[in-house]
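Based on the provided sequences and hints, a complete structural model is requested.
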Amino acid sequence: MSKSFIYPVVLIIYLAILVLVGLVTGRRTKSVEDFYIGGRQIGPWVTALSFVAAYFSSVVIVGGGGFGYLFGMATLWIAAINVLLGGTLCWIVLGPRIRKFTQRLNTITIPGFLCKRFKSRFVLIFSAVIILLFMIIYNVSILKGMGHIFEVLMEIPYTYGVLLSCVIILFYVSIGGYLAVVWTSFIQAWVMGIGLILLTIFSLKSVGGITAANIALQKIDPGLINTPGLWGWPGLISFALIVSFGVWGMPQLLVRFYSIKNLKVLKIGTIVASVGTCMALLPYLNGAIARVHFSSLQTPDLAIPTLTKMVLPPLGSAIVLAGVVAAGMSTFASVLIILSGSLMEDIVGTGLGKELSRERNLTYGKIASAVIGFISLLIALRPPALVLTLTAFSWAVIASTTLWPVLFGIYWKGATELGCAFSMVGGFITALIWMAIGKPFGIHGFIPGIIIGLILMVVVSLFTPKFSEEHIKKIWSD
Amino acid sequence: MGPFHTPWLTFSAWIVALISVLFSIVWAIWIFKPGEDDE
Chain V
276 MSKSFIYPVV LIIYLAILVL VGLVTGRRTK SVEDFYIGGR QIGPWVTALS FVAAYFSSVV
336 IVGGGGFGYL FGMATLWIAA INVLLGGTLC WIVLGPRIRK FTQRLNTITI PGFLCKRFKS
396 RFVLIFSAVI ILLFMIIYNV SILKGMGHIF EVLMEIPYTY GVLLSCVIIL FYVSIGGYLA
456 VVWTSFIQAW VMGIGLILLT IFSLKSVGGI TAANIALQKI DPGLINTPGL WGWPGLISFA
516 LIVSFGVWGM PQLLVRFYSI KNLKVLKIGT IVASVGTCMA LLPYLNGAIA RVHFSSLQTP
576 DLAIPTLTKM VLPPLGSAIV LAGVVAAGMS TFASVLIILS GSLMEDIVGT GLGKELSRER
636 NLTYGKIASA VIGFISLLIA LRPPALVLTL TAFSWAVIAS TTLWPVLFGI YWKGATELGC
696 AFSMVGGFIT ALIWMAIGKP FGIHGFIPGI IIGLILMVVV SLFTPKFSEE HIKKIWSD
Chain X
7 MGPFHTPWLT FSAWIVALIS VLFSIVWAIW IFKPGEDDE
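Chains as they are written, first to last, in this note's numbering: chain V, 276 to 753; chain X, 7 to 45.
Because the hints were derived from the structure by calculation, they are not lab data. Some clues are possibly wrong.
[Said to hold, decoys possible] Derived DSS-like pairs: lysine-lysine, alpha-carbon spacing no greater than 30 Å straight-line:
#1 K542(V) x K39(X)
#2 K375(V) x K536(V)
#3 K714(V) x K39(X)
#4 K305(V) x K641(V)
#5 K39(X) x K584(V)
#6 K39(X) x K748(V)
Dropping the structure here:
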């Protein structure tokens with residue numbers, strides 16, 4: 276069977292399953308809590324694997340392969356830190372407390388939690404606006420990535436690729452809400468995992484095994500197998516931290532902890548999430564193997580698509596393609612539901628004080644997700660230069676803004692309203708300025724952003740009025 | 007040089023990933039106690 280037959284067939288089956296999930300979950304989505312956090316009824320496997328799928332977008336698979344191609348085996352460290360910080364420790368440190376605190380405070384969004392924890396409308400509006408603005412930009416980068424994947428692997432024009440993926444996502448998110456997002460992400464995690472494992476088996480076979488790959492890479496340049504190798508410590512460490520520790524401040528991932536059925540879910544969930552995040556090793560490994568086969572690709576981002584086409588039979592490469600598309604769709608859908616929540620619950624509801632009936636809130640939430648998705652689509656079809664520049668650091672800016680307020684909000688009773696506000700604004704401005712002046716010393720803006728945010732959180736909290744015993748007791752329940 | 011002709015420092019990335027998974031198992035089975043305040 277030729278690839279011109281298999282590619283569309285596999286893709287149509289995959290997209291049809293997503294639409295079906297949207298229809299089924301739509302029937303179970305009856306309240307606002309159902310729409311944004313699945314009624315806090317999600318089990319361990321679905322929570323953990325949907326976390327993994329939302330964590331790794333197509334940018335990680337294609338871009339990670341590109342880094343592996345450029346810098347070699349040292350990039351495996353990025354994935355290892357992903358597993359340690361972004362998977363295991365994120366679940367252990369944040370999971371139990373976020374679940375407990377958000378239920379006690381009855382909040383369904385990150386800005387909503389910060390607002391009630393720090394008793395601050397400014398914190399709510401600031402974090403919601405930053406999330407809204409930079410998450411849309413992040414979404415544009417994901418859509419753009421998917422458009423290019425369709426272009427390279429299926430020879431479908433960029434515009435049609437972007438339109439096709441966006442319309443399907445908008446359909447199931449606006450109908451099924453969070454339930455559709457986690458269930459489709461659960462399926463997508465399996466597709467991504469199977470695709471990446473298939474690619475790894477065939478690419479290792481093509482090069483004669485891992486030892487042969489390392490010997491071949493060493494002949495090209497010893498820096499391709501050494502650590503930090505060609506990248507150097509500042510770039511490697513700061514990038515590994517932004518894509519690992521940064522997760523601790525990303526609302527589309529933290530919301531997974533809101534939605535779990537009970538704390539027992541975290542037992543199996545943590546193990547599944549840790550094993551699942553190990554799939555991050557594979558794009559970097561395959562990217563390095565691609566370097567053995569192709570010495571001069573037009574752009575490093577072509578490493579995974581080109582390797583896929585070379586080593587896999589049509590059915591296998593169709594599954595890898597579906598996996599890459601799945602990675603993009605799951606992240607886009609997760610971000611979309613967060614954006615809708617920030618807009619309707621935080622900005623319109625709490626921020627502007629508009630009381631809506633539960634039915635209206637649900638309807639407007641669905642409309643908001645469709646409108647925000649449509650705006651992302653319009654920008655992605657012809658992205659302006661400024662948006663393209665901002666996509667490179669949208670993740671860093673959001674994480675620099677929300678990471679410490681969330682972490683200190685659940686671990687330090689002495690964290691104050693002003694400490695939180697200064698940490699947010701300071702972290703945000705520092706990350707933005709650092710990236711705008713061209714990343715001095717090769718260090719990603721996330722690093723100075725979180726350092727300044729940490730200092731401000733601690734110092735300002737120490738010298739500003741504490742919360743009352745009553746407020747602290749309400750949150751900690753002790 | 008470590009296993010598979012990989013320098014030890016690079017090979018350690020695989021070890022860190024493996025230890026993370028093992029630690030998650032240890033934490034889930036022996037350390038984490040959801041307790042009676044499970045809501």
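Check your understanding: Looking back at the hints listed earlier, which ones does the structure fail to meet?
Key -> 3 and 5
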